[in-house]
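Asker: Residues per chain are reported as follows:
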Amino acid sequence: MVKPLLVLDDLAVHFKVGSMLAGGVKTLKAVDGVTLDVKPGECLGLVGESGCGKSTLALAIMGLLLPTHGRIHVGGQRISGDTPPDRMEMARTVQMVFQDPYASLNPRQTVRRTLADPLRLHGVKDKAEVESRVIDMMAKVGLRPEHADRYPHEFSGGQRQRIGIARALILKPRLVICDEPVSALDVSIRAQIINLLLELKDEMDLAYIMISHDLGVVEHVSDRVAVMYLGRIVEQGGWQEIFENPRHPYTRALIAAIPDPFHRAAASVARAKAKGEIPSALNPPPGCHFNPRCPLKADLCTVEAPVLEGVAPGHLAACHFRDRII
Amino acid sequence: MTPPLLKVEDLRIALAGDGVTYNAVEGVSFEIGRGEAFGLVGESGCGKSITALSVMGLLRRPLSLGGGRIVLDGQEIQDVPAAEMRRLRGKRIAMIFQEPMTALNPLSPVGRQIAEMFVLHQGAGWSEAMDRAEDALRQVRVPSPERRIRDYPHQLSGGMRQRVMIAIALACGPDLLVADEPTTALDVTVQAEIIDLIAELCAAKGTAVLMISHDLGLVANMCKRVAVMYAGRIVESQVADAIFARPSHPYTQGLIDSLPRLGERSRRGRQRLREITGVVPSIQAYPAGCRFNPRCPAVTDICRTNVPEATSLPADGLVRCHHHG
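Those protein sequences? They're chains A and B, same order as listed. Take the first sequence: its position 264, counted from the start at 1, is 264 in the working numbering, and no numbers get skipped. With positions in the second sequence counted from 1, the corresponding number in the working numbering is that position plus 326.
Calculated from the structure, these hints are not laboratory results. None of the values given here were measured: they were computed from a predicted structure. Backbone N, C-alpha and C fix where the C-beta goes; we use that ideal spot for every residue, glycine too.
Dumping the calculated DSSO-like pairs for lysine-lysine here, alpha-carbon to alpha-carbon at most 27 Å: (1) Lys550(B) x Lys273(A); (2) Lys531(B) x Lys273(A); (3) Lys417(B) x Lys333(B).
If you want a taste of the chain A side facing chain B, the calculated C-beta under 10 Å gives, among others: (4) Ser50; (5) Gly157; (6) Gly158; (7) Asp186; (8) Gln192; (9) Leu215; (10) Gly216; (11) His220; (12) Val221; (13) Gln240; (14) Glu244; (15) Leu254; (16) Ile255; (17) Ala256; (18) Ala274; (19) Arg293.
Kindly produce the complete structure, drawing on both the sequences and the hints.
Answerer: Rendered as C-alpha cells:
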C-alpha cells in the first residue's frame, strides 16, 4: 500500500465573524470535518460551488490557515491547531497555481526573478545552477529563454499561467493545488494549459488537487473526485464512479446543470436539478445541509446529518438515500 | 415570410485609439425573428458584447457606430435621437448584464427599481406600479415577493439579483431581450435555473432573445440559431444542432474539439485535448486576410491576404472560410 502524500483527518477550519457590539459573534464553519487523502502522483478533483469551502481547504493544506480541530499530514509534516507548519519545508512539498494569472504574478518582477527567488531562498547558491534550473523550468512549461527578462504585462493570459505553473514547480514540490487554473483564460487557450498540466504531472511525478467548477475539466484530469457542499465532503470516489454512478443528489444536480449539446437529456441525471441556491455557511440548515434544495428530501434529512459511508469500494456518499437509484 | 424583428446589417463599430481608428467589429450581419432565441458566441474581446451594446444604442466613447444598419421591426434605430432611444429601451428592447450587482442601483429597493419601469414607460401611478412589481417578482420565482420588494440589492444572493434584473427587463413586455453573459457570475446549479427561467418566460411572452456568451454549449442548448464571432467578425452561423454536428469553420471546430466534454473520457478513454495553437490577436494587431489564419491548421497563402467571403450553408447558415467545401 502506497503511503498517502496528504492526509486530512477530520479537518475543521472555523472563523469567528461579527463583533460583540454588532449582533454578536458567530462561527462560520468554512471547513467542517473533512477526511481525505491524496496519494503520490494522484489527481484529486475537488468540486463545489462558491462558498462551499474549497479555497479555505486549499489554504489550510498550504499551511496558511491553521486547523480549528483535526489534523493535516503532508509529506512528513503534521499540522494541527497547536503545531504550525515549517513554512520552508511546506514550500518544498506543496505549491499552488492560482486562478487569475493577472493578479497572482508580481508585475515588477521579470520571469527570471520570479523563478529564481524561490531557488535562492531555498539555498541554491550557485549562480549557474540557478540560471540553468530557471531556463530548464521555462522550457518545460513552453516558454523560450528570451522570455526570461520580460515582465508579466508583456505576456498573454495563457503565457502568464505558464509562468504561474513554472513558479509553482521550480522547487520540485510533490503536491500542487490548482485552484481553477483555466477558468480565467480564453476558451481557445484552455486546452493548452490542461494538456501542459497533465504532461508535467507525469514528467515530474506530481500529485494534484484540481479545484474547478468545470466538471468537464475535472472528469478529464482526475483520478478521484471529492464533492464539497457547505464545508463538508458529500461524495467522493473514483472519477468514473462519480460521473457515471453519482449517489448524492447534489452531485447529480451539478452534473445535470452542465449544458450538453451532444447528448441532450440522455443521462439518467438529466432531471435531477437542484432548487435554489447554496445557503449561507453562517446559518446552514439543520440535518443534511443540502436538504432545502434536494429533490429526495424527507423528514429524516432535516433532523439527522448523514455520514459519509461507502456505497462501493472507494466510493462514499453522505446521503440518507445513497442506495436509492434514480 | 414575415420580416425579422431585428436585422443587423454590415455593422461596423469603431474604436478610437491614439490618433488611429480601429474596427472592433466589422461586417457583422444577422437577423432575429419574432420570439426566436439567437446566440452570439465568442471569446473575450471578439466584439460580441459591443455588438449587443450597439443594438441597445449604448455604445460610448471610445467606441462608436462606424457604419451599417440596425433595423428593429422595420424601423432603423442606429441614429434615432437619444430621447427616442430611451423610450425604446425598456419598452421594446431590454438588456440584462453579467454582474447584476453592478447593474442594479444599490441605493434603491428592488421593488422600486421594477416599478419604475411601469411608471416611466406605461404612465402607471406608483402604488399600482408597486403592485405590479410584486407580480413581476413572483413571475421570476423570487420567494415571498411581498417582502422582497422592499429589499435592497445587497440583501439578495447573486441568483436572486439576476432574477430581479430579468423582472426589470421583461416588465414592459419587450419584443427583444438582450442577455450578455447573464449567468457567468453565477454558480453552475444557479446558472441552469436562470437559463431555464429566461427560456421559459421568453417563450411564454413571445420575446425574442439575443444571447451573448463564451459558452457554446450553453448557447446551443437555449438558442435556435447560433453565430460564432472571432476577432470582430462572424465566422460561422448555423442552426444550433448543426453547429455541433457539422462545424464548418476551423475555429468553431477547434473550440468544440478543445474542451473536455462530460462523458467523453468514459467513452473513449483520456485523449490529449486538441489545442488551438497561438493566442487571440489584439485589436491593434488583427492579421490581414482571414483573422484566424495564424492559428488555423488548414492555412494557405490566400488566407493570409484575402478576407474570405461568406459561403452559404443549409438552412440559412453561412461560413467564412476559403477552404470550406
